[in-house]
Structures are given as C-alpha cells and as structure tokens.
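Fit chain B to the supplied structure of chain A, relying on the hints for placement.
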Amino acid sequence: MKRTLGQPVVVVKSVEKRFGDLVVLRDVSLSVAKGETICIIGPSGSGKSTLLRCINALVPVTRGSIEVDGIEVNDPGLDKLALRKKVGMVFQQYNLFPHRTALQNVMMAPVHVLKQDRADVEARARRLLEKVRLKDKADAYPGELSGGQQQRVAIARSLAMNPLVMLFDEVTAALDPETKKEVLVTIRELAAEGMTCILVTHEMGFAREVADHVYFTDAGVIVEHGPPSELLARPKEARTRAFLDQVL
Amino acid sequence: MKALPNATDLPVLLPPASALTVRPQSELSGGFCARVFAPKVAFGLVLLLALSVCFAEAQAQGAATPRAGVLATMVKWAPLMFQGFLFNILVSFMSMAIGTVAGTLLGLAQISLLRPVRRTSWYATQFFRNAPWLVLLFYCMFLLPFELRLFGIVIPLPAWFKAVIGLSLPVMANVAEVVRGGIQSIPLTQWESAEALAFSRRQTLWMIILPQCLKRMLPLWMNLYAILTMATTLISVVGIQDGMTLTRAALVAEARTDLFIPMYLMLLTWFFLYCYPIARWTVALEQRFAVRG
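Respectively, the protein sequence lines represent chains A and B.
Position 15 of the first sequence, counting from 1, maps to 15 under the working numbering, and the rest follow consecutively.
Position 288 of the second sequence, counting from 1, maps to 536 under the working numbering, and the rest follow consecutively.
The reader is advised that the hints may include incorrect statements.
What the hints assert, rightly or not - Just some of the chain B residues that point at chain A, by a computed CB distance under 10 angstroms: (1) Gln438; (2) Ser441; (3) Ala442; (4) Phe447; (5) Ser448; (6) Gln451; (7) Leu462; (8) Lys463; (9) Leu466; (10) Pro467.
As the list claims (entries may be wrong) - Per label pair, the in silico range of CB-to-CB distance: (11) Gly6/A <-> Thr368/B: 34 to 40 angstroms; (12) Asp27/A <-> Val531/B: 56 to 62 angstroms; (13) Leu462/B <-> Glu230/A: 53 to 59 angstroms.
The hints are simulated quantities; they were obtained by calculation from the structure and are not laboratory data.
For every residue, glycine included, the Cβ atom is placed at its ideal position computed from N, Cα and C.
So that you can see chain A by itself, here it is in the shape it has in the complex:
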C-alpha cells in the first residue's frame, strides 16, 4: 500500500550492538517516516528483536545513533520516560500483568505514569478495547483470555499511552493460525489509520500486504531493503533469496 509519508520519526544511524564479544548488530541504518509501516524480516538470531529493543532503550546500543522524534536514544542523559511515552512496544509473549483485568492493564500506565485523570483514562481504555474488539472482555483477567485476545489487550495497553511509534516484536509467533488473524487485522487497521509501525515478523504474506518498506537482516546487518513488491518478489541478494525460498 502506498501512502504519502511525513517527516522521519525514527532514524537509526550506523548502530552497533555487542553483548560482550558477540556482535548482534553491526552498522545498521534505517529511517522510518511518520505514518510509515516497515517490516523487518530475517532468520532467527539476526538481531531483529535487539534492534527493536534498542529503539526504546530497553537495551543500550554500543555505538551509533538512534533518534526518535528528536530524542537521541544513545545519550547517557537520556530521559527514558519521555522516550517511552513516544514509543509503544508489543511483545511476542503478550506480557500482560496477570493480577489485573484487561481494562486495568490498559489503564495502569496512563494513570500511574502519565498521572492522567482516572475517569478520562477509563473512557479511553474502553474505547481502545472496543477498537481491538474486546469490549466485553474488559473485566476478564489475562488468564481467562486466549492468546490472541491477550495480544490485542497488549496492543490496546500500548496505544493507551498515545505513542508516536509502535514496535511489534514477532507478536503473532506464539499464536495459532486463527487467533493470529485477529491480531493481524488489528495491526492492519492501525497501520491504515496512519500509526507509524515497526514490525519484526515471520508473516511474509502480512509483510507484503501491510508494509511500505521491508528490511531483510542477516547476521546483524541489513542485507537489503525495498518496497515489499520488489524485495519479496525479486530479491537482489543471494542471502535474501535463500531465506525467502525457505519461508515462502
């Protein structure tokens, strides 16, 4: 899908990440414009998830620069709170808070972190649950929900912070095919509404359909990138071709 794109929101420049001697990312650069949806694909262990974690400072980068809406992430004096207000993240294992209901999960961060008015937050949280089609599950605990339902609550929970960018880390990898679909539909709607999304995914069909730009990573480098119609159909690099042959 083609959209008119705005200013760059996330700019990653020559990022390197090491865990001890292990180099997970080397010289990774990419840029995501406002309203753009990009997908990062590649084999396991190629550093995709690490890159996402670097963008919201869950993991510090070793070298290079990541800028999110004007905030430099690789800065010792980084205001993590300001950064994380702008960046929402959804995890593979949902990671809902099991002792709180779906509604409370969505409300917690805006109420306690952003100190917003509880009544306003609750109204917004209910709208968000309705948006992810879980209006009637507001009072259910995570343990009472299916994997797909939990993941949609997790998406609503992130959206409640009104982020500028959403990071999705293999969010459908733990789901069965039917529940996977509900989650993908939700993400597609978000992307269509103009939310800036960065997805790490193994769903090639979904990447082709929803992404404006696809990055293929292998062994910590971006091997090639381009619009999905080109990269997925006519990869230039042998490594990309080998990977796509395996997964398609």
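Relative to the frame of chain A, chain B by itself:
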C-alpha cells in the same frame, strides 16, 4: 473452572494426575473451622492430656501422704501459665513484625542494582539464616546495651525487648529469602513490559511484581510464623518470664514429679491449638494458589 489458555494436547504439559483428581465434596464443602482446625487431631491431644491427668491423679491418691488433686493443682496454676503463654504470643507478634519489615528491606536489597548493596545483603541473609536461633538470642541478650542514648534521650532496652530483637534476626533472614525468591520467580518479561510502558523500577516493583508474588510468599511467611511461635520458648533459657519459665516455676513450687508430664502437656496443647490451625490454613492456601497458578 475456566478453560486454560492455549490448552495443549501434549500429555507432558499436563499437571500430575493427583492434581487433576476431583477432591471429595466433604473436603471442599466443610466450613473454615472444619477444614482448618482438623478437630480430630486437636481432640486426640486433649484426650492425651486428660489421660495423663487421670494417671497422675490415680498415683496421687495412692500416695502415702495426702496431696491435692492433680487437676485441682493444674487449674490453680493455669491462669499464671496462660499469662506466660500469652506473652509468648506477644513476643511472636513483635518478632514477626520487626523481622518482616527488616526482612523485606533485606530481600529487596538483594535485587538492588548496586553491586555492594546486593553483596552485603546477601552475606547478611546467609549469616543470619544459617546461625542457630539460640546463639543469636544469646548474642542479643549480652551484646545489646541495657539502654540506648540517642541525642541525649535515654531509651531503655529491657531484656524482653532484646529477646524480641534476637528472635527477629533469623526471621528477618528467612523473610529476606522468601521475598527475594518470590520476586525472582516472576518472569523478567514482566519487568521488561513494564519498562516499555515507562514505569519506573520502583513502580514496577510495588505495582506489578510484588502483588504477583504476594500469594506465593504468604504460605511461606505463615509457615515461618508458626515456627517462630514455637521457638519463642527459647527466651526462657535467657531468663525471660514466658509460658515455659512460669510452668517450670509452678513445678518447682509444687515440688511434685507427678505433675511434670500433665503440666508441660497443658502448655504444649495451648501451643498446638494455636499453631496447628495456622499450619492447616497454610496448606489450604498453598493448594488454592497451586490450582489457580
């Protein structure tokens, strides 16, 4: 029963068969007291007490010199002994309170981001957890001053309070282990997702992590309390007038060997009637939490 999310057909992932069997209705429907108190055991103990009294009574009547009845003597001393027993309970409350507060802090210090804090608290925990309670009690009795001077104010430290401190040290170390273990039993992904939602470390701990481990920690904490309550009789060794001391005093005053077994059995029964329900309740809680997960 709600369906488990992501239910699997794989037999390896199922809980052991014993956990799946339906419990008999009687066990579930019985009221709080029936389940918690287990009257059978308590009844058995009271019966044992009665038997020992009868036996001693028979001996007393067969004696050459006339003596007061065993039961009458026990009733005479019971109020004083019971006061002593209540003092044991009071000491257990105070030691548990101090030990829990200090132990929680010590447990939290063990997950500190500062390495020196983490190491020091770990050593302190290991030291107090693996030291005999009586030795710690002796140290506190003889090393703590009888009064504290703080900014010109003199705070007296009576012996009973030093004993409370002495007992709260091992409690502290055990609580620290319970807290640390509870926190570390929560998956790291919970910390990560809270961090991604901009929660601070402290908020994450108090609002997300600790509420989740509380139910896992509660049975262990109650178990520790029951052990502490029984261990409070140790303070009689360092000269505090507790139930144990007063029982011994009563026996010395009566100077009769036939009272030895029934009198101590009476004290023991009080402790049992107090601690056993706690133990049963702990088991009931453990089972409930194990099912819910």
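Tested hints:
1. Gln438: 6 angstroms, holds
2. Ser441: Check passed: Cβ of Ser441/B comes within 4 angstroms of chain A, closer than 10 angstroms.
3. Ala442: OK, holds: Ala442/B within 10 angstroms of chain A, min 8 angstroms.
4. Phe447: At about 6 angstroms, which falls below the 10 angstroms cut-off, the nearest Cβ of chain A leaves the hint on Phe447/B intact, so it holds.
5. Ser448: Since chain A brings a Cβ to about 8 angstroms from Ser448/B, closer than 10 angstroms, the hint holds.
6. Gln451: Hint on Gln451/B: holds, closest Cβ of chain A at ~6 angstroms, below 10 angstroms.
7. Leu462: Hint on Leu462/B: holds, closest Cβ of chain A at ~9 angstroms, below 10 angstroms.
8. Lys463: Holds - the Cβ of Lys463/B comes within 10 angstroms of chain A, reaching about 9 angstroms at its closest.
9. Leu466: At about 14 angstroms, which exceeds the 10 angstroms cut-off, the nearest Cβ of chain A leaves the hint on Leu466/B violated.
10. Pro467: Hint on Pro467/B: violated, closest Cβ of chain A at ~17 angstroms, above 10 angstroms.
11. Gly6/A <-> Thr368/B: 34 to 40 angstroms: 53 angstroms, violated
12. Asp27/A <-> Val531/B: 56 to 62 angstroms: 59 angstroms, holds
13. Leu462/B <-> Glu230/A: 53 to 59 angstroms: 54 angstroms, holds
Checked against the numbered hints given earlier, this structure breaks hints 9, 10, 11; the rest are met.
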